[in-house]
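The residues making up each chain are set out below.
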Amino acid sequence: MVATEVTETTDDVERFTGAERALHWVTAALVLTCAITGLILYVGSLSALVSRRDLLKHVHVYAGLAMPVPMIAAYAGHWRDAVRKDVRRLARWTKADKRWLRTRGRAAHDQVGKFNAGQKANAAFIAGMIPVMLVTGSIMRWFDPFPLSWRSGATFVHDWTAIVTWFVVAGHILIAFGNPPALRAMIKGRMSEDFARRHHPGWAGSPDTDA
Amino acid sequence: MVEHPLEADRGPAAPKAPVRTDPPATSPVGRRIVLGMFGLGATGILFGQKIHDTVERWLRPVTENDPTGLSTLLPTSGRFRIYSVTNSLPSKGDAEYRLKIDGLVDRPLILSLADLKARKATKLVKDFQCVTGWRVPDVPWKGVLLRDLLDEVGVKKGATHLRIYSFDGAYTESLTLDQARRRDVMAAYEMEDGPVTQEHGGPVRLYVAPMYGYKSLKWLDRIEVVNHLDEKDAGYWEVRGYDTDAWIGESNGREGDEKV
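Quick mapping for you: the protein sequence lines, in order, are chains A and B.
For the first sequence, the numbering used here assigns the number 1 to the initial residue and increments by one for each residue that follows.
For the second sequence, the numbering used here assigns the number 1 to the initial residue and increments by one for each residue that follows.
Hints may be right or wrong, so weigh each one.
[Unchecked claim] Below 30 Å or equal to it, Euclidean Cα-Cα: the simulated DSSO-like pairs (lysine-lysine) are:
#, chain 1, residue 1, chain 2, residue 2
1, B, K156, A, K57
2, B, K92, A, K57
3, B, K50, A, K57
4, B, K50, B, K156
These are calculated hints, taken from the structure and not from any lab test.
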């Protein structure tokens, strides 16, 4: 724990709106549901322990199908402005972001905006992972109209993407627990100005910029 | 994010954001990552089967000699995947299990699991090859050859095929009599040196070694000897486009598979 965090700080910077936090946590719940049911379905010895394969399969399929719903809902109302703004921030990378990622946070730290390159990479991966898993999962589940080799190919993609996702999500959760103020910001929406200045200097103090 | 000591030393008086005149130039890396994943995913759907088969061949020396068993968690390692066509795995206890053999036979037969085990057992150690690409090498099987059962019931003249039913209520299969009389086609009650478990089609399943896995019907319920086979009766997957004669390496467009 960093010394400055022991002193009383108030969470005085708004970081995420309610809609953004809902988007994050509903998606997180669906991803975790799919990850856990998928692991049990995939690992034979776990399947044998849990049985109820039919139920697990249904939960896995429906949680998967529901995965784009929070994103659609996040864009469906007046709350979309903040969402759209952060999506744009996550999607655009500066040269400094690339340097920051290459040096794992040692270089270009003073130019990190609202999101660092790790957060941007994580968001992009999840944004790509969900449609890939939806399409391949659908081919596995409703295979009738597709050639046999597509079914094998979809299984291949679904399996490997799942394995990579397990590592990405586990890393994401570990880093979140390693940075309690960042985790708190995703729960309560606010973070201390001190933490914001130290970790997001390109954003702190000028929350209206697109950094 | 990485906490490093340098930051802590800075203390609460962290430097203010640098003053900028122009926003820094950005590139749409996020979009590239997403589109790149779509491209990889589409490639994988179209060519994944070939990639998978190749990787599996490379890895086989490793996975076959892995004492930890961890490599079996990889998608390309030799392990069974459980498929069933119904919503739940069918269940039948050892005591209530019955195998029925009827149709064009002289002496129809209903066998309990104990009856089956009392008959001449045959052991095989052979691969299980699925038509979707995965293969489990050197699986030990134990059961009664169909040819022995057919001899026992006495097949009537003119019979040509077997129609085979699963007690899951949906899955069916078929074999010609010649195929069924091979010495590597059995009603198996043991696999991998233990009873055939429920998920693998226990208590008794079919094992048709020279053909793709969908011929090895699980939860074997009834074998009917018939004198003709309509296309619509050829089997669950056959009706859905799979080959009826499912020889490994010579059917379903999978020429590369090594024969069992």
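Discussion item. Next pair to validate is K50/B with K57/A; report whether the Cα-Cα distance is within 30 Å.
Written reply: Judged against 30 Å, a Cα distance of about 27 Å means the pair holds.
Worksheet item: Taking only the CA atoms, is the gap from K50/B to K156/B under or equal to 30 Å?
Response: Not OK: K50/B and K156/B at ~45 Å, beyond 30 Å, violated.
Worksheet item: When you check the alpha-carbon spacing of K156/B and K57/A, does it fall within 30 Å?
Response: violated (44 Å)
Item to complete: For the pair supplied as a hint, K92/B and K57/A, confirm whether the alpha-carbon distance does not exceed 30 Å.
Response: holds (21 Å)
Against the hints set out earlier in the document, violations occur for numbers 1, 4.
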